[in-house]
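For reference, the chains in residue letters:
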Amino acid sequence: MTGAGAVVASSLDLVFQTRDGPVHALSDVDLEVAPGEFVSFIGPSGCGKTTLLRVIADLEQPTGGTITVNGMTPEQARLNRAYGYVFQAAGLYPWRTIEKNVRLPLEVMGYPAQERIERVRRALDLVGLGDFARMFPWQLSGGMQQRASIARALAFDADLLLMDEPFGALDEIVRDHLNEQLLALHARTGKTVCFVTHSIPEAVYLSTRIVVMSPRPGRIIDVIESPLPAERPLDIRESAAFLELATRVREGLRSGHSGPDG
Amino acid sequence: MHRASRLMRNVLPVAVICLVIVAVWYVAAVGLNAKWERDQAARAGVEIGWAEIVPATMSQERPVLPAPHQVAAEIWETTANKRITSKRSLVYHGWITLSATLLGFVMGVALGILLAVGIVHNRVMDLSVMPWIISSQTVPILAVAPMIIVVLYNVGISGLVAKASISAYLSFFPVAVGMVKGLRAPDGMQLDLMRTYSASDWQVFWKLRWPSSLPYLFASLKVAVAIALVGAIIGELPTGSQGGFGARMLNGSYYGQVLIIWSALFGAAICAALMVGAIGVAQRVVLRRTGQAR
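If you read the sequences in order, they're chains A and B. Residue numbering for the first sequence follows the working numbering, beginning at 169 and increasing consecutively. Residue numbering for the second sequence follows the working numbering, beginning at 3 and increasing consecutively.
Chain B on its own, in the form it takes in the complex (with noise of 0.2 Å):
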């Protein structure tokens, strides 16, 4: 009885969610893709109604907004019907994003990390560079990317650790900003008393200031998983037809394939939850082990 009603309460509003997103989006492609099919009917000289529009909406082959089961099949048919691979396996191509992202991530948080321990122990770093590292973030990226990848094609370095340099540019951001803040989350109390141990700066760092910042190393790294994965794709775009996920929009929008670029969108999208995802569980791990979640 507990149980069910704990079901009832989590799990409905969920799947009412879901359920209304999926009619909206039913109903918008009945409505973006009904133009094509009067323009047909028009062309040809007959008079169709709603009863005959709507089925045909449904199945279009370059519909302006592809139903979702199209795009469930297209995602079906490219990831369980095709080698890994292969070519037109969306999970080659995701391989693709996905070791960029990774790797990006990981400089990124390494960078961001640096960074904001070098702020919190030094002032001239405190004062001079944080309105950089804001300012980093101002630039539209989209714009910067092709400039960055260019730039270091020039001193040799393209393909994987290129596209991860464009993720690592955005995942550093947040991963700074949170860990300056976490860093000097200790309040004077706890300080001074580390200074009554005359503790060395090393063992104020490791055994308060790391320990402290923490939950807002995951907070940040949860935001900048994410934004690496759209690093890694706007990467891509400069670079062409290796492969990835971005590749594959491009390709997409070139010859009007609307299937592919929604079925890469969310190949990305499924990506980019399952590393938050992770995430959150190394999150609840650590908490848990730390005695700071209850």
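Chain A extracted, bound-state conformation (with noise of 0.2 Å):
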């Protein structure tokens, strides 16, 4: 199975060392993320949802057990520029506009010049924002600088998306669209997606699979496969299938709170 996998990890221990004694971050994790899948990871907060995505991307490193991000370790993923992450907070750079944070990467991956203009249009475009290429964030609003740096982290050519609570900090309104545009652009691209959300409907709605994890120490419970189609409009979320599967995760959330040491 080793090299199928978009994200593979065996047994995977993460352990911070802080003042207040060891952390367990992850405890055992095993995983394995297919390529064109949409994961989300949902748990509460302490459950290592988002260390497991940065142990993936290389920003954190783990102290026991294998990972594979495309068949090659997490640190060889990100030289060749495997994914691209979307961090919970925008995180474009004030000076430079619109079109310019998502020529970023570009430029710092020496993409040509005349290929850097239409990836950032074709970027732009796929999340509504082509209006506002000539824009400075803060002329936008919460969601839309959202949007752009969702574009960044697509305008080059990664397979795999690395989200992390992309959208914890917007009203429920701006999240069900961008859910809905989120879904679409997955369908579009085929990129495998993991996504990190502490939020039932949102994990439900999206995914191919989720993974419901626990803290203390941080670790997996439980991973359902989603039996919704892949074509879902916002009322899918009304259907008993779809209520079903939620009331799933809050159990399966609710057991891993009280679990021994909850």
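In short, the hints are calculated from the structure, not lab data. Any given hint could turn out to be false.
Dumping the calculated SDA-like pairs for lysine to any residue here, alpha-carbon to alpha-carbon at most 25 Å [said to hold, decoys possible]:
| hint | chain 1 | residue 1 | chain 2 | residue 2 |
| --- | --- | --- | --- | --- |
| 1 | A | Lys268 | B | Arg197 |
| 2 | B | Lys89 | B | Arg197 |
| 3 | A | Lys268 | B | Leu193 |
| 4 | B | Lys209 | A | Glu275 |
| 5 | B | Lys89 | B | Val206 |
Reassemble the complex: the two chains are provided individually, in unrelated frames, and hints are given to aid placement.
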């Protein structure tokens, strides 16, 4: 199986040494994400979902177990620019216009000038910001800034998109809208997405697979395949299948909370 | 109407403050110069009252504190009415000081930025250099300047470059401290983003750290240019009379020509204000072009 998965982790462990003693952020995590999947990681704060994403991105080093990204070590994958990362906040550089923010990874990775222009335009159109290219980040709303940061992660050819609660700070209406757009984007591009969230409806609506995690130590307690069809209008969230899935996730989260150490 | 009210709001307070300062100055001039008039009158055996004293204090040849209009007249006389190549021209002396200031400023800014870059990128430099930078500014420059001038003279450096080195000695400090802060301004997420692109150190510096530091740089430059001027003037004191505001002040105090000192003082202040203003303009242009001035 190795080499086939976009992300393959086995018995992954990560212990942070802090002043108050060791913190077990990840414990015995086994996971395989196939190419083209949309996998959500859900759990309460401290369950290690962001840490897991950061390990995949080579922003944290595991203390045990093995992990491969596109069949390589995370570091090789990072050096090969195998993934785009979307952070909790948009984190646009305030001194660059929207188009120049989207151009940033292309500059760093040395794309030729003509190709940069085309890619920036394509990425901005993909998130519906084509008309705002020349604006500075402070002139845009929070939702638009977050869309720009997604365009920035899409501008270069990475098959893997790592998203760390990208819509956590946005209001519900904007979030619904962006969820819809993200789903369409996933269908259109066929990229693999690893998506961290603490919203059950968001996870259920977006994912082909939901990974439920639990804290102290951070571990996977359930992996749920979504029976929902690929085509998902927003009102699918009132369907019986959706609610059943949401209930299963909620129960998974609850059982994690009242576990032996909770 | 709107325009007029804005004029009132902005100009009026400034004008009032200026008027108050001038008024206080006139009162102080009368008070400080009155003693000389009374002594003169007593020596001549005449009785004089305030009605005679006040006008007399306005036009003394060697006042303790010259009146504002005397200083203004002296500045006008030594700028507009003298050829700028004349040794009595304030513009001539001003340029001597200004050229040393600007050279020293450029040297100091370059040194400050280089030190900051080193400190931010190298842990050993961070630990070892910073204490020296701080202690360099705790020694009184007035005492150190003559030594620096003498040492530089002995290795063959004198004149402009020697004076500029005093300016650089003072002006590198705010730039180094400000730029260390500025280059460290990017937060963890902005740095992580660069890491996900596997950007080189040079790219992180040029595309993230440097633009982040610009607001800090301009704030530092304003402080640096003002003290660069102070440094150039101090550098002129031990070298004697080659010219410049410092030499002018020194001469004025040798010969008791208070007006010369005051006009040199004002000349220096005006130069400093112009330079700080120029940096302010540059700051506005750069920050507007990078969307950081709203």
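Results for each hint:
Pair hint A/Lys268 plus B/Arg197 holds up; C-alpha atoms about 18 Å apart against a cutoff of 25 Å. Taken as a hint, the B/Lys89 and B/Arg197 pair is broken in the structure, with Cα atoms around 60 Å apart against an allowance of 25 Å. Taken as a hint, the A/Lys268 and B/Leu193 pair is honoured in the structure, with Cα atoms around 17 Å apart against an allowance of 25 Å. For the hint pairing B/Lys209 with A/Glu275, the CA-to-CA distance comes to about 9 Å; that is within 25 Å, so the pair holds.
Proposed proximity of B/Lys89 and B/Val206 is contradicted: the alpha carbons are some 52 Å apart, above 25 Å.
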